[in-house]
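Asker: If you want the building blocks of each chain, they are given just below.
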Amino acid sequence: MQQSRPAIPAAPKRPGIYRLLVVQLGVTLVTAALLTFETDSSLALSALKGGLAGLLPNVYFAWRAFLYRGARFQRQMIRSFYRAQVGKHLLAILLFTGIFVMSPPQSPQWFFVTFALVQCVYWLTPWLIGRPGSH
Amino acid sequence: MELVYIAAAIMISGAALATGIGFGLLGGKLLDSTARQPELGDQLQTKTFIMAGLLDAVPMIGVGIAMYLIFVVAG
Numbered sequence: 001m002q003q004s005r006p007a008i009p010a011a012p013k014r015p016g017i018y019r020l021l022v023v024q025l026g027v028t029l030v031t032a033a034l035l036t037f038e039t040d041s042s043l044a045l046s047a048l049k050g051g052l053a054g055l056l057p058n059v060y061f062a063w064r065a066f067l068y069r070g071a072r073f074q075r076q077m078i079r080s081f082y083r084a085q086v087g088k089h090l091l092a093i094l095l096f097t098g099i100f101v102m103s104p105p106q107s108p109q110w111f112f113v114t115f116a117l118v119q120c121v122y123w124l125t126p127w128l129i130g131r132p133g134s135h
Numbered sequence: 001m002e003l004v005y006i007a008a009a010i011m012i013s014g015a016a017l018a019t020g021i022g023f024g025l026l027g028g029k030l031l032d033s034t035a036r037q038p039e040l041g042d043q044l045q046t047k048t049f050i051m052a053g054l055l056d057a058v059p060m061i062g063v064g065i066a067m068y069l070i071f072v073v074a075g
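In the order they appear, the protein sequences are chains X and A.
Heads up, the first sequence is in the UniProt record's numbering, so the first residue is 1 and it goes up one at a time.
Heads up, the second sequence is in the UniProt record's numbering, so the first residue is 1 and it goes up one at a time.
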């Protein structure tokens with residue numbers, strides 16, 4: 001009879017995925033700062049909300065996906081990936097709904113531009129994680 | 001106006017479906033590769049994360065546009 005292994009959390013050291021999240025936060029803050037200086041603070045707030053709506057599901061995804069590491073826990077690892085993905089989608093939809101119901105952004109255009117920019121940072125991931133010192 | 005909601009529903013469900021198919025393939029490959037070469041488990045997991053992010057970026061933008069349709073265009 002096969003006994004289930006105890007769930008052991010991942011080691012604290014994780015690959016350079018935090019670099020990706022930091023870049024996403026940076027994109028959000030830089031867009032908001034540029035809009036504050038160039039136009040209006042309400043546009044910057046819209047951009048900030050859009051960036052956070054894109055960033056927070058990614059933070060959850062990165063945390064959940066790397067909850068288990070190593071070949072011994074491959075089934076838990078896969079399950080964790082799937083749950084991370086479902087949670088990311090649900091969290092994004094909940095954040096959008098919450099933002100639009102509770103405090104609608106003044107500029108929906110900048111809200112979505114910043115959201116899309118944060119998502120596009122993923123296209124830099126091979127370069128960001130592949131750099132020296134990321135492992 | 002109903003067409004906007006139908007369009008948003010199609011976008012969200014299409015994004016979920018496409019991501020689900022992609023993740024199924026990706027997870028299967030990860031299981032297979034980790035079983036073949038357990039010593040590469042950490043590297044494979046990181047590469048799977050990268051691929052998952054690339055796979056998911058466009059559907060997430062689709063979800064965002066669907067939310068835009070629901071709350072801004074139709075709202």
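FYI, nobody ran anything at the bench for these hints, they're computed from the structure.
Since this is a predicted model, take the numbers as computed values, not measurements.
Just so you know, not all the hints are guaranteed correct.
Examples of chain A residues toward chain X, derived with CB under 7 angstroms [as the list claims (entries may be wrong)]: (1) L25; (2) M60; (3) G62.
Partial selection, computed: residues in chain X whose CB lies under 8 angstroms from chain A [stated by the list, open to error]: (4) I17; (5) Y18; (6) L21; (7) T39; (8) R69; (9) Q74; (10) Q76; (11) G87; (12) A92; (13) I93; (14) G98; (15) F100; (16) S103; (17) A116; (18) Y122.
Every residue gets a Cβ at the ideal spot worked out from N, C-alpha and C, and that includes glycine.
Asker: Would the hint on A/G62 be counted as holding, given a Cβ-Cβ threshold of 7 angstroms to chain X?
Answerer: Check failed: Cβ of A/G62 comes no nearer than 10 angstroms to chain X, outside 7 angstroms.
Asker: May I ask you to test the interface hint for X/Y122 with respect to chain A, counting a Cβ-Cβ separation under 8 angstroms as satisfied?
Answerer: OK, holds: X/Y122 within 8 angstroms of chain A, min 4 angstroms.
Asker: If you take the shortest Cβ to Cβ gap from X/R69 to chain A, is it below 8 angstroms?
Answerer: holds (6 angstroms)
Asker: Holds or violated: is the Cβ of X/S103 closer than 8 angstroms to a Cβ in chain A?
Answerer: At 12 angstroms from the nearest chain A Cβ, X/S103 fails the 8 angstroms test, so the hint is violated.
Asker: Going by Cβ atoms only, is X/F100 closer than 8 angstroms to chain A?
Answerer: OK, holds: X/F100 within 8 angstroms of chain A, min 4 angstroms.
Asker: Would you check whether X/G87 satisfies its interface hint, that is, whether its CB is within less than 8 angstroms of any CB in chain A?
Answerer: With a minimum Cβ separation of about 12 angstroms from chain A (threshold 8 angstroms), the hint on X/G87 is violated.
Asker: Holds or violated: the hint that X/I17 contacts chain A, with Cβ atoms closer than 8 angstroms.
Answerer: holds (6 angstroms)
Asker: Hold the hint about A/L25 up to the distance rule: shortest CB distance to chain X must be less than 7 angstroms.
Answerer: This interface hint is violated because 12 angstroms lies over the 7 angstroms limit.
Asker: Have a go at the X/Q76 hint: is there a Cβ in chain A nearer than 8 angstroms to its own Cβ?
Answerer: violated (11 angstroms)
Asker: Let me know if the C-beta of X/T39 comes in closer than 8 angstroms to any C-beta of chain A, holds or violated.
Answerer: Result: violated, 19 angstroms to nearest chain A Cβ.
Asker: Holds or violated: X/Q74 as interface residue toward chain A, Cβ cutoff 8 angstroms?
Answerer: holds (5 angstroms)
Asker: May I ask you to test the interface hint for X/L21 with respect to chain A, counting a Cβ-Cβ separation under 8 angstroms as satisfied?
Answerer: violated (11 angstroms)
In summary, the structure is inconsistent with hints 1, 3, 5, 6, 7, 10, 11, 14, 16 from the numbered list given earlier, while agreeing with the others.
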